[in-house]
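Trainee: One-letter residues, chain by chain:
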Amino acid sequence: MQKEEYQVVGKPVERTDGRVKATGKARYAGDLIAPGMLYGKILRSPVAHAKILNIDTSEAKKLPGVIAVITGKDFPGIPFGTRPDTRDQTPMPITKVHHFGEGVAAVAALDEDTAEEALDLIRVEYEELPVVLTAEDALRPDAPLVNEFCSSNIAYTSDFRFGDPEAGFKEADYIREEKFSSQRVAVGFIEPHACLAEVDATGRVLLQGSKQSPYPTWRHMCRALDLPLSKMRLVTPFVGGAFSGKHDPFDVDFAAVKLAQITNRPVKIVLNYDEVLAGYRQRNAMNAVLKMGVKKNGRITALKAECILEGGPIAGIGPFNIYFFGAWLNLPYKVPAVEYHGKLVYSNRAPCGTVRGQEIVLAQYSVDSLLGIVAEDLGIDQVEIRALNAITSNYTTANGVVVDACGLSECIEKSAATIAWKESRKSRPKGRGIGFSCASHPSGVRLGGHFGSSVLLKLQEDGKVMLTHGGTEIGQGANTVFCQMAAEILGIPFEDVIQGPSDSDTAILDSGMFSDRCTYWDGNATIAAANDLKRQLAELAAKKLQAKPEDLEFKNSRVYAKDKPEKSISILDPVRTAYYDNGTPLYGKGYWAATDIDLVNWKTGSGNLAHGIDFIATAVEMDVDLKTGQASLRKGVSGDDAGQPIHPVMLEGQVNGGSAHMTGHALLEECLYDERGRMLNYSWRDYKQPTALDTPEYVVDHIHTHDPYGPFGAKGAGEASSCSTIAAIANGIYDAVGVRITDLPITPEKIIREMKKKEGK
Amino acid sequence: MFIRRLPKFEYHAPASLPEALDLLALYGADAKLLAGGTDLLLAMKKRTKTPAHVINLKSIPGLSGISGDAKGLKIGALTTMADIMRSALVKETYTPLWDAVSVMGSPQVRTLATLGGNLVSAVPSADTAPPLIVLSAQAHLTGPSGERTCPVEALFSAPSTCSLAPTDILTHITIPFPQGKGAYLKLMRRAALDLALVGVAAYFCLDANKVCTHAKIALGAVAPTPIRATASEAIIEGKVLNAALAAEAGSASGKECFPITDLRSSLEYRCSMVEVLTERALLEALKRSN
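As you go down the protein sequences, you meet chains A and V in turn. Residues in the first sequence are numbered consecutively from 1, following my numbering. Residues in the second sequence are numbered consecutively from 1001, following my numbering.
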């Protein structure tokens, strides 16, 4: 396809939220104030697993300034969950606590100090139960049951078989099996959970919270609060990052609403970050065994994997996690046969959601580490083995995913050239290494029939367009790219498109901000809405220009008759006709859903789950201190195929951000628990996220492809680099010092221990 | 369990040192002195410290500032880490202290945190302690019975326990003008914003024959208090330092420490890192001497 010349798309315009955030004027949930507002605080369990024998709130209620105290019993007792078959949680616990830091009661008071004082007066009688901490604990025959809604500690399973794995391994010249494990990590957004809940005179609830995906929040909350959907409105203020940690409703949201219902006053709850680290979403711990068969030249013939994810006391979005791990054995390399057995198990650690890249991160880490090992065993060049196996355009994977446009081979070539791989093989300082990894990510999977995106454009009488969409701006830049797309289609400046509020009363909420779907799905809906508006304008303009509506062009805020550039009118002309002559408003409506792809079977893994598979090849150069084992990353290079970049600077930020984020997962971060399931390092002092100084100099090479289904040929972009970074670092450490750490995080201590072992010490 | 809002306390802002001493004498163990507050306020929010009275020293003039002459350096107890980091004199002449301050906390924390606070908080990983010990710094204290001095080395009695009497106030630190050179190296899990897993300060003078004299090595974060590595010092004292001798001294200092295994690191790793950092600190000091 011929490359189009865009006016706004592909240009680094100023972010719609840049100025307001940079000047500190953006209002986040914690900044909101309502008249008569009360302050809520949550009492948290000091134990990880216990029966709740009794909660006595009487003394707390007597404290002057306390307006209400609630426990799990104040809710209707209706369980909710991500899937109909995984409804395994209630707003607050009723019969037992499941993890350290779980909210067991909440207080609303006139001020924060009183609310905190009231927490001290609540008496909870616990009967401690043995804890399930690891996957091994969970699967023991005599293991205590974690979740009261489930008669087993196995929350979900997926078992795949694609192609002929036995034949694939038989055909292989070399087979290598390896164990990989990954730790619990925190999500890492900046803004802690916060919300303000209000109830109006009709009983209608307004929740303004720091939510990533208002739709599941809305649905789950209405279900568990026994409210019709129309009785709840969600308005999302600025959100300080989410990274998959803010999809579903938490006790914070439920408690604020319930306290507002009881007190008939607005209630705000803002958490401290230590509460977030101890009691809210983390990434699943993983134990996986992978077996890869290859021909002599390194071509993969079969892949088998067993993976157990330990995900805390609720299933949450875990069923997708366990499916994703299996699905991403099929990508980004050509694997003709795949066998997979995945289990998600319950435990008494903090509930998991996932983190940027979902559990594709763990699958790609395992696959690419194993490919790196195989290449080393066979003496094949690390770049060559990846280029040999890389998926190419118009390829269908063993599990049925159709890859349309794929620039992975170019990504590999480019990253290898930029990091100077060939030169490094000739000579390099001791302790210096380069690691590679490739990865891919979907542009929005279709997890259910209700998945869809819609956009509404209101063209005002002054010619400015107000855009509302059902997605959420969580820092990823969604609002900016949709304004770009609408401006491009309508031929008006970017500044003439104004981002409207995120409000369930005006927008049709879409399924949520995950799996790189927003730019792609809502982007297509934006294009549809802009075309709808353009069609209406064209009809009005056609009369004036004495041309057919379909022969009109919109550019530079003017409408032209095609091939007659001297004949044009300002775009304001038809707008004024509509408003001032005809009295008709101008709305553009658009929606998009990938209904031509499959609703995947999570249990068997079959189906074409997404369009717009994006690809990346990442190379990381590092120095490992031979005596301390500390890895210092020097350079991180990614060849990135996100289709047509809509905003190249934000895209670069996404690629580098994902890489920096997963540098923590690879090297530093780990949620530590004691033997009774109490988290030990729930502070930013003891939980180590990388700082800017821990990340390398980054280079992103955009590999332009044109996705046939994506808006302007774009694909999703936010998560591929998080999927490629960990294996690149692990492979680089091996290249630097010759030791292979397969249990994350790769700490200096582990490196030194393995180096000593290798030297026979 | 979790961080809370500050508990209730009575706040005092004495205008002079005698006034502060009177308040201390009156409230004794019920009172805490507030300097930068980066340790105290957090401890209060965690309820590990709940003083009924908080006495803010920042309202007293003259407790902060850096001044130096041919005899040495004087640093007020309330001098912030940021002030020390900005001092060309400290960087040039009292380099191990500058090394320590420049890798502490974040710019925001350094702007609040004070030298006196870092010392009297007495955490085993206090970064300023090892360099001050090797630089033979003296702590100047004022109490009900007047002024006295005590070597910084003697300030610490146990983790988070300082040997000051509850009625004493640390007013300033003095450091004799160093005749030699030194260095402080800190091992962290990440490149910034981190506590020391191991901190090592080394200092010595070189005579005309390049022989080491007045050798001092101090270790942080690897014992209940900052400690001297005297066996290691003895190895280089009176000898010409080279790579082999530095390694030997490192190996000795690894045996002198007695760290614990905790969240941040294992005992074994800390011991072997004491060896590595001691060796490297000695070689860095040697480089700076030449």
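Just so you know, the hints here were simulated from the structure itself, not pulled from any lab data. Here the structure is a predicted model, which means the values were calculated and not measured. Yeah, the Cβ is synthetic: ideal placement off N, Cα and C, and Gly gets one too. One or more of the hints may lead you astray.
[To be verified] Across the chosen pairs, the derived CB separations fall in these ranges:
(1) A:Pro-501 to V:Ser-1157: 27 to 33 Å
(2) V:Thr-1261 to A:Gly-36: 48 to 54 Å
(3) A:Lys-296 to V:Glu-1268: 49 to 55 Å
(4) A:Gly-24 to V:Glu-1268: 45 to 51 Å
(5) V:Arg-1047 to A:Pro-648: 31 to 37 Å
(6) V:Ser-1157 to A:Pro-130: 54 to 60 Å
(7) A:Phe-149 to V:Leu-1026: 57 to 63 Å
Trainee: Decide, hint by hint, whether the structure agrees.
Mentor: Right, here's what the structure says about each hint:
no.	hint	verdict
1	A:Pro-501 to V:Ser-1157: 27 to 33 Å	violated (59 Å)
2	V:Thr-1261 to A:Gly-36: 48 to 54 Å	holds (52 Å)
3	A:Lys-296 to V:Glu-1268: 49 to 55 Å	violated (43 Å)
4	A:Gly-24 to V:Glu-1268: 45 to 51 Å	holds (47 Å)
5	V:Arg-1047 to A:Pro-648: 31 to 37 Å	violated (50 Å)
6	V:Ser-1157 to A:Pro-130: 54 to 60 Å	violated (41 Å)
7	A:Phe-149 to V:Leu-1026: 57 to 63 Å	holds (59 Å)
Of the numbered hints given earlier, the model fails hints 1, 3, 5, 6; all others are met.
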